[in-house]
Amino acid sequence: MRMTDVTERNGMGDAEVIPLRGAGGRPRPRPTPRRRGVVGAQPPGEPAGGTGASGTDGGIVDEQGAPGGEVATIPAGPLAPSQPSELEAAVSEVVDFLRRRLAGRYSVDEFGFDPDLNENVILPVLRPLYERWFRVETIGVENVPAHGGALLVANHSGTLPLDALMTVVATHDDLPTPRNLRMLAADLVFGMPGFGAVARKAGHTLACNPDAEKLLGSGELVGVWPEGFKGIGKAYADRYKLQRFGRGGFVSAALRTGVPIIPCSIVGAEEIYPKIGDLGPIARLLGVPYFPITPTWPLLGPLGLVPLPSKWYIEFGEPIRTDEFEPGAADDPMLVFNLTDQVRENIQQTLYRLLSGRRNAFLG
Amino acid sequence: MAPSVVLVTGVAGQLGGELAARLAADPAIERVLGVDTTPPSRDMRRRMGRAEFVRVDIRNPLIGKVISTAKVDTVVHASLSGHPSAAGGRSMMMEMNVIGTMQLLAACQKSDTVGRLVVRSTTSVYGASPRDPATFTETTEPKALPPGGYAKDAVEIEGYVRSFSRRRPDIPVTTLRFVNLIGPRADTAFAHYFSLPVVPVVLGYDARVQLLHAEDAVAVLERATREELPGVFNVGADGVLMLSQAVRRAGRVTLPIPEPLVPWVGRITRRARLVDFSPEQMRLLNYGRVVDTTKLKTEFGFEPRWTTAQAFDDFVAGRALRPMLDTDRYVDVAESLALRALHALPGQGAAPPAEREPAAIETRNTPALTPVR
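So the protein lines, in turn, are chains A and B.
Take the first sequence: its position 213, counted from the start at 1, is 213 in this note's numbering, and no numbers get skipped.
If you want this note's numbering, it's the position in the second sequence, counting the first as 1, plus 1000.
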């Protein structure tokens, strides 16, 4: 008797859920009316059994019959809203977020990193680009430590620093434990209205040794693109040829804090805006390092800002330990240069390997 | 050496006055002399108790006589002013700040009783630029030196203080670089700024703001007066608020202003006596400034009681700032509309929104402007 009751509940529950296009409920719409018919047919049999056991107590029989009828409607309460409550939950999540933002009830660190905004606005904006447009594949995610300070060093390309932004998504979404990559960016970014403020809120800071060491020392994952403008602004003809790796400042920061260096090779970013020319005078006028000409920019106007949908690979190489050197190694320029070269060679070799395995820049 | 005769400059100011009041309350200190060009407010004089007020201009050599006749052993120079209008114009402020310090230091150098000097400075000496590291330590070289005004005065004052300690290495000097002060009673440019109904900010910038509760500031000055803790220290609370966040916490509304118009707006608010922000302080609104207070905590041995956010909330509560816009209510209305729309979708029961919506609206009881329904 109770068993049939349970099937009744389920049957009724499913019947109510169907209009909401539940994931697994598609084949059920037809059987349920039949079950409903069974539900309707069952109670008469039920009291029959009941009367057989409890004798002449007709009142109980009636009561049992009545709850049977109610049972059909009650589950509709808890079960039916279970679907809309997903949407409702989404609404209330957005509302909670808005309340928090409008009341200023969130916290930022001394670099201006706003995890709440990063999680709820910045990353969701970048994600479609990462998943659908560039279809980024990550290799070697196990090489990024799950916690503790680490310095991620990557090649820079693509005219606009989308490679850096995609690496941020990669280290958040594709690692077993999501991490917030704190990038070291050029002062140009922080002087630019809009960009500077957003970059700070996303957790990035100025590329300088005090900031790098402070972040690494507090156990953050720090990202650096040591080629700088030379790398990101190089001509398409020079694609995947690593430029000079700065002055090795990143290596001395890693040495001082004893954190591992993780070489990171990004393939695909070179093709997003193939830079075939440079309008130097305009760049000087705007105070930027280069003004690129690509096949679509500035020819097609704003449409030229749409990156070409190349297929990307981001490979995290094996960590290079820096805690085995003697203290004071950071002040040994020869050692710093050698280590810089080692990281650079590592990335260059990985790039060649990834490229040789790639058949087409857009299909992968 | 425990201080017995203390001279405090700038007692008409809040920080100097509070310090004099606290020192006067301590019977172990023999005499407390307060110096300023204008007498402190009546309320402040009452709280200062037995402290003596000497109305003297520190630019005048008379200050040397005060120090020698009273046998002052501890000098606290707390009169650094960032209010050009209060001081009587920018050039007058510079005179008071820089020339006053020179005279005071000259008097201290001559004196054979002075055994300790405490100087109030500001973190403005670091300037603010996009090329600076995220946090300044006491040894960070500023990338962009403050071009003028209050911050330049502070840089010059610190220069004179350094040369003073070269000439009198026997006198320990404590230089305290304070961040912007805030608190329920703080009468600072920042407090005025956040009290504006509509707060002008620079379009496209959001500064990191580090504050210090005014009571923590007094406590730091007091500790520097009582203990011998020579050196330069950044003094600021833990934690950071973004400028936009602080404005929201105060229930104000931001008015983003394009950068070229900022000096202009600054001039208007100054003329209208709303906010006395000097141009170099306006730059702070672009980039903000955060200082590293590790040295304050370890070497100086002081833990601020309030974090930046707590100090700011205390200021908001103390000033009873009312929200300009009832944003919570807008959100409630938006939520109920969204839920209603959700339930108007085919196949949705209409009961839950009917329950939720009135509840959401009735719980609002803020006394602020009622938005159009």
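Hints are computed from structural coordinates only; laboratory data are not their basis.
Any given hint might turn out to be false.
[What the hints assert, rightly or not] Below 25 Å or equal to it, Euclidean Cα-Cα: the simulated SDA-like pairs (lysine to any residue) are:
| no. | chain 1 | residue 1 | chain 2 | residue 2 |
| --- | --- | --- | --- | --- |
| 1 | B | LYS1297 | A | SER218 |
| 2 | B | LYS1152 | A | ASP187 |
| 3 | A | LYS230 | B | PRO1346 |
| 4 | B | LYS1143 | A | GLY148 |
| 5 | A | LYS311 | A | GLY258 |
Computed from a predicted structure; not experimentally measured.
Outcome of the hint check:
For a cut-off of 25 Å, the pair hint linking B:LYS1297 to A:SER218 stands: about 18 Å separates their Cα positions. For a cut-off of 25 Å, the pair hint linking B:LYS1152 to A:ASP187 stands: about 24 Å separates their Cα positions. Our distance criterion of 25 Å between C-alpha atoms is broken by A:LYS230 and B:PRO1346, whose separation comes to about 57 Å. With a C-alpha separation of about 31 Å, the suggested pair B:LYS1143 and A:GLY148 falls outside the 25 Å cut-off, and the hint is violated.
For the hint pairing A:LYS311 with A:GLY258, the CA-to-CA distance comes to about 35 Å; that exceeds 25 Å, so the pair is violated.
The earlier numbered hints that this structure contradicts are 3, 4 and 5.
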